[in-house]
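Chemist: Chain order of the listed sequences is G, D and C. Numbering follows our numbering, with no gaps: position 72 of the first sequence is 140. Numbering follows our numbering, with no gaps: position 101 of the second sequence is 125. Numbering follows our numbering, with no gaps: position 109 of the third sequence is 111.
It should be emphasised that the hints constitute simulated quantities derived from the structure, not laboratory data. Ideal Cβ positions, reconstructed from N, Cα and C, are used throughout, including at glycine. Where hints are given, some of them may not hold.
[To be verified] Lysine-lysine pairs mimicking BS3-like chemistry, simulated, CA-CA at most 25 Å apart: (1) D:K139 / D:K58; (2) G:K155 / D:K139; (3) C:K65 / G:K155; (4) D:K52 / D:K139; (5) D:K79 / G:K93; (6) D:K149 / D:K139; (7) D:K151 / D:K58; (8) C:K13 / C:K65; (9) D:K137 / D:K149; (10) D:K58 / D:K149; (11) D:K137 / D:K58; (12) D:K52 / D:K137; (13) D:K151 / D:K137; (14) D:K79 / G:K112; (15) D:K52 / D:K149; (16) C:K6 / C:K65; (17) D:K79 / D:K32; (18) D:K32 / G:K93; (19) D:K139 / D:K151; (20) G:K112 / D:K80; (21) D:K57 / D:K139; (22) D:K52 / G:K155; (23) D:K80 / G:K93; (24) D:K149 / D:K57.
[Said to hold, decoys possible] Just the calculated beta-carbon pair ranges, DEER-fashion: (25) D:K32 / C:E66: 53 to 61 Å; (26) G:V105 / C:G60: 48 to 56 Å; (27) D:K80 / C:P105: 44 to 52 Å; (28) C:A96 / D:L141: 48 to 56 Å; (29) C:P38 / G:D134: 46 to 54 Å; (30) D:N54 / C:I11: 29 to 37 Å; (31) G:V141 / C:F68: 19 to 27 Å; (32) G:D134 / C:S37: 20 to 28 Å; (33) C:G60 / D:F28: 53 to 61 Å; (34) G:D96 / D:A116: 18 to 26 Å; (35) D:E145 / G:H98: 50 to 58 Å; (36) D:I37 / G:I79: 14 to 22 Å; (37) D:N54 / C:T75: 32 to 40 Å.
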Amino acid sequence: MRIFYYILTCITGLLLIYGVSDMPKWGDPHQPASIHVSPRYIEKTLEETEVPNMVTAVLADYRGFDTFGETTVIFTAAVSCLLILRKRRKEKDV
Amino acid sequence: MLEFLVGKFNYYIYIFLMMIGFYAMIGKRNLVKKLIGMNIFQWSIILYFVSIGAKKGGSIPIVEGLSGHGAHIVSHASQYVNPLPHVLMLTAIVVGVGTTGVALALLLRIYNKYKTLEEDEILRKMK
Amino acid sequence: MIDKHESIIIKMISRILAPFVQLYALYVIMHGHTSPGGGFQGGVILGASFILLAIAFGIDEVKERFAERILTTFTSMGVFIYGFIGFVCFILGANFLDYGILPVVEPRGMGMLGIEIGVGITVMAVMVSIFYDLSTYE
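Only chain G is shown next, with the shape it has when bound in the complex:
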């Protein structure tokens, strides 16, 4: 049974290596990920908000609503951990 899992892993790895031929080179400045939206964020950060850190400006100002949902996600993780692991108080017998 182990041999089957090894072979499955190798086949998936070979398929992924075949898919690498479409990807852009490492450090290419004209790849599709860097020419659509991010030049606008880089150029306009200092004049619209007066904050030099681009990552915090995008996280808390341009996409602030997503960070709100993110905080709710981690709050939900704490609540569900509480639900699974807290014991119920036993009814006291009178």
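Based on the hints, put chains D and C in the right spot on chain G.
Modeler: Leaving out everything else, chains D and C in the frame of chain G:
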């Protein structure tokens, strides 16, 4: 051929990490080892996304040369590394922490009830 | 159950180090504007200082000082601060989470600072709460 091997070397590292995590998730029988495999898989995806934003000759995404308030600085898009993958992966890391916490809590309850963490013994005890 | 550590070096060193770790965490939250950092990172460091104290001194002593009831209040308080700032912008006339209208100097920077404080409080309380739950279950 040489460009295929050397110019895109970062993708091979992530495929290697991803396959390690994948084999641990399906090939091991202990539940904690499966959980660690899932974590390795998740971190390889995060590293892949962050590496897509790299640029040749770019520096970290904080505007430099800021001295005093009145200075007008024109920043060009080719000086800085792409900041968007960094932002998205901050969210992904936090989601990973939440998932690992809840999974560990579930593992504690399973151990308390069945007294073992091997998958085939649990399936046998459940029948 | 995590017990007190027997070695006196560990107890002494963690008692000395814990305030400096908390000061560094507050520095990382407050300087999210000009250097790498922000709410999530500073919150995790702040939670890690309490976990350090719990590993060195036993979990009962830390639970006396930082009760579970206050911890759950802190988790909700961070999300509440976030929504409160958004609603203040809403009431003053602009869109939700549109900081240009707050009546302070540099409104967009100060709005971002308030949000990062809220996120930092929530992340700290979640880290310590998950640690408490996982280590006191038998």
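Chemist: With reference to the structure, classify each hint as holding or not holding.
Modeler: Do the hints match the structure? See the list:
no., hint, result
1, D:K139 / D:K58, "holds, 18 Å"
2, G:K155 / D:K139, "holds, 19 Å"
3, C:K65 / G:K155, "holds, 17 Å"
4, D:K52 / D:K139, "holds, 19 Å"
5, D:K79 / G:K93, "holds, 10 Å"
6, D:K149 / D:K139, "holds, 10 Å"
7, D:K151 / D:K58, "holds, 22 Å"
8, C:K13 / C:K65, "holds, 17 Å"
9, D:K137 / D:K149, "holds, 10 Å"
10, D:K58 / D:K149, "holds, 20 Å"
11, D:K137 / D:K58, "holds, 19 Å"
12, D:K52 / D:K137, "holds, 21 Å"
13, D:K151 / D:K137, "holds, 14 Å"
14, D:K79 / G:K112, "holds, 19 Å"
15, D:K52 / D:K149, "holds, 19 Å"
16, C:K6 / C:K65, "holds, 13 Å"
17, D:K79 / D:K32, "holds, 13 Å"
18, D:K32 / G:K93, "holds, 5 Å"
19, D:K139 / D:K151, "holds, 15 Å"
20, G:K112 / D:K80, "holds, 22 Å"
21, D:K57 / D:K139, "holds, 17 Å"
22, D:K52 / G:K155, "violated, 32 Å"
23, D:K80 / G:K93, "holds, 11 Å"
24, D:K149 / D:K57, "holds, 20 Å"
25, D:K32 / C:E66: 53 to 61 Å, "holds, 56 Å"
26, G:V105 / C:G60: 48 to 56 Å, "holds, 51 Å"
27, D:K80 / C:P105: 44 to 52 Å, "holds, 45 Å"
28, C:A96 / D:L141: 48 to 56 Å, "holds, 54 Å"
29, C:P38 / G:D134: 46 to 54 Å, "violated, 20 Å"
30, D:N54 / C:I11: 29 to 37 Å, "holds, 35 Å"
31, G:V141 / C:F68: 19 to 27 Å, "holds, 24 Å"
32, G:D134 / C:S37: 20 to 28 Å, "holds, 23 Å"
33, C:G60 / D:F28: 53 to 61 Å, "holds, 57 Å"
34, G:D96 / D:A116: 18 to 26 Å, "holds, 23 Å"
35, D:E145 / G:H98: 50 to 58 Å, "holds, 56 Å"
36, D:I37 / G:I79: 14 to 22 Å, "holds, 20 Å"
37, D:N54 / C:T75: 32 to 40 Å, "holds, 38 Å"
Hint violations for this structure: numbers 22, 29, all remaining hints satisfied.
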